[in-house]
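Chain A is fixed; fit chain B onto it per the hints.
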Amino acid sequence: MSIGLYIHVPFCIKKCLYCDFTSYLLDNEAVRNYLVFLIKEINLYGSSLADEDKIITSIFFGGGTPTTLLVPSFKMILTAVRSSFLVSPGCEITVEANPGTINGAGLTGLRELGVNRLSIGVQSFQDRLLQVLGRTHSGDQAIEAVQLARKAGFDNLNLDFIFGIPGQTNYDWRETLQQAVEIAPEHIAAYGLQLEEGTPLEQTVRRGAISSCPEEMEAEMYQDAIVFLTTQGYNHYEISNFAQPGRECAHNLIYWLNRPYLGLGPAAHSLIKGVRFANDISLDGYCDHLSRKEYPIGHSTHITPADEMSETMFLGLRLTAGVDLNQFYQRFGRRAEEVYGSAIADLDGKGLLEISRGRLHLTAKGLPLANVVFREFI
Amino acid sequence: MEWKKERIRNFCIIAHIDHGKSTLADRLLEYTGALHSREMADQVLDRMDLERERGITIKMQAVRLQYQAGDRLEYQLNLIDTPGHVDFSYEVSRSLAACEGALLVVDAAQGIEAQTLANVYLALEHNLEIIPVINKIDLPSADPDEVKKEIEDVIGLDSADAVLASAKNGIGIKEILEKIVEIIPPPSRPADTPLRALIFDSHYDPYKGVIAYIRVMGGSVRTGMRVRMMATGKEFEVNEVGIFKPSLTSIDALHAGEVGFIAASIKNVQDCQVGDTVTAAAKPAVEPLPGYRRATPMVYCGLYTADTVDYGDLREAMEKLSLNDSSLIYEPETSEALGFGFRCGFLGLLHMEIIQERLEREYGLSLITTAPNVVYRVTTTEGKVLLIENPSKMPPAVEMEMIEEPYVTATIMAPKDYVGAVMELCQERRCIFSNMEYMGLHRVMLTYDMPLSEIIYDFFDQLKSRTKGYASLDYEVTGYRQSDLVKLDILIAGEALDALSIIVHKDNAYYRGRQLVERLRSLIPRHLFEVPIQASIGNKVIARETVKAVRKDVLAKCYGGDISRKRKLLEKQKEGKKRMKQVGSVEIPQEAFMAVLGLGEV
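Protein sequence lines correspond, in order, to chains A and B.
Straight run, no breaks: the first sequence in the working numbering ends on number 1026.
Straight run, no breaks: the second sequence in the working numbering ends on number 691.
Everything hinted at is true.
EDC-like mimics (lysine to aspartate or glutamate), calculated; alpha carbons at most 20 angstroms apart, straight line: (1) B/K637 to B/E607; (2) B/K646 to A/D668; (3) A/K1013 to B/D642; (4) B/K661 to A/E1024; (5) B/K657 to A/D955; (6) A/K998 to B/E619; (7) B/K657 to A/E1024; (8) B/K663 to A/E956; (9) A/K921 to B/D651; (10) B/K663 to A/E1024; (11) B/K473 to B/E493; (12) A/K998 to B/E676; (13) B/K661 to A/E845; (14) B/K646 to A/E868; (15) B/K657 to A/E845; (16) B/K94 to B/D341; (17) B/K663 to A/D996.
By construction, these hints were calculated from the structure, which means they are not laboratory data.
Isolated chain A, as found in the complex:
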């Protein structure tokens, strides 16, 4: 069975104020160390996985900030991947990029290595909001980054945006969306800001120094994004994701369809053969494991058939097309309408969920309230 490959690059020039993901400040020695052990990890899986489990249909470099790495580093990694795995033709290879850390030569280099999709973290075009988020770049730099990417030959771009930023107005958000559409990326992700506990931004809000975006306003912004982007030719295919036809992100679809993926690098997550596991979150711990020729796994959970069904539901329902009920039946030998009969009936009654053309999916009302629906499938 083919898998998706996720490679975590845990370095940043500066950590964003809302981020609670594993990342370290860029440090040449740490990067060298990381590369050595990442290659070891790639080889370890290359020598242990059966050939049929090594077929890679997508590669995603996420972070951190992958573009803190230089082109030769990407070359090393991709060469190792290609020699250890079977990278299928047409494989989507995405690199997440921060507008502050890219240049023309670098992008051309990535393109030459076969990277065919760039995901640029724009977040907002308003500099004052970028400051609130603690981003290192300006709105203009983001526009420039897109131009550079086009010039380097990227014809598949995603731009990430955040709404619900403290201090953001509905007008700010509409303006950002308008500008985004003018640049015409193939894919747009619009995320509601999550104030994760312990992050500097969350602490600032808790102290009362700035106030979080009211729920009503965030709901309006979300609604605005859906209406505006769909009229501009983007297909709203997942709760937070919009794509021109045929440009859906192949890698992320693997998560939502609950299919296998392998995560490499510290803190990366995997789902392989019914086991979810996560690598050691610290770079040191990760390297230690590999230096002893062990898998660098921090913890793992065996997924029971019941878990797998529940995850297939709450992940699949993130897609606006929903869960294909026949496919569910083929996968589990049971019908979702039976396993979750009362939940489905209840949520249908509340107007949050419906079945049409053999698929169970969220309604327009259900989209912003997805957690209310997902809870019932736990």
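Chain B in isolation, oriented as in the chain A frame:
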């Protein structure tokens, strides 16, 4: 062996919380060799974990010490422990009745507190000899002279001979023991009377049944004897007589003047009431010992399980707890909102909190507790008198001629700098000023008449916080008085929630209703629909708030395939939902039912 009466001393210790009673008791045990220090878990007399955590004594204990005094004679000293909290003043009075003397322990830095004073007065009423002990003299802030003066001014006791002690560091222990022998009189020599023994405490033992703690006043009791409880009339055959060393130790008989226990296969703690008199069935005493009364609960609340399927577990837990606590009263109750539960009566707020905590801690129950209330006395237009223990059972206004509520005399002691703050609080709480007195130079004693319902409504916490913890409070119920009271109902999504009804004074109704709906708004989570919350008196809505409908509840990002984290979050949300009470279509968190108590926090 039968002890000579002259060598027996029965005494107790009167002290405010934290003034060092338990530590002193431990030192006395240690010094007399009743226990070696290494066998002692700290503070032996406070046996329940909860007591140790809170530093207070809830359940009384007793212990017999053998002490060789300076006159080289061996004495039997019976230390009877007393609970140090206002809720348990009847229990205190019973253990005082079992003694001839008391140690009055006062913190050398803090001085006398309201509760101590109340208990000293009780002790004086029982003609007890009082030995003042000024404890914690080694503290830098200790001011024994000021405390001595306070003892003389306030209590009128000669404090020249007060023992200066530090129980913590073992200072003054021998002097205390010598004073006990010297000053406290031996039990009066009774004529050859029939058996009369005072029950001052009991506990339930799963093998022996109820263990009654007794002080023999006259006659003697021995194994095999048939005894009668004079208040209940129940008879039992004594199958064990013993003393506390402090573990239960069997002996042949207890004689007049002695303290110990009897076990008689008593299955029900209600048959062995504190304050009752044990007499011989064959040759009963004519009169019981004075002072017995049934414990009357002052405070009631509803106890329900968060999940109705746990009702059986709650019932079982209540049965077990009440085995050991004859003052805990409960009866089944059904709430439209909360389902099956119990209306429980307690001696006071602390008693209530202790029971709730034990139910949750020892029996693993997830409880919903309604706000506590007092017992109201209603006279109907037809002239009937009803006692109302549950606000939702209050008859409609038109059927009531008069409502009365219990009043107390409250004694508050505080450093003089806080008098203003105390008076301000009392003015807010319908208190009627009756007296103010200086105790020494720095402290003041204020006396008020006030409704008990104001005391149970967050009064003590407020008093503590407004006086930086320096004030102490004691109160005594004086009787019922007519008040202008109304029932305040809470409607959630248009439906009255019986469990949230409260009785308030008419003048406060608007304010309390306003606060309550505001607090409920902040506690009730957003639903898929708007949830109106209203406070009403009769049919008139006096306050309204709305919990807005949920507009957005969705996790945007799936960080690098971290599904476990998402699942955990959803599980947590689901768990939180499960702990809520579903009332109609609205889910209400447990805290909401106590919301009426936390109004200060809004």
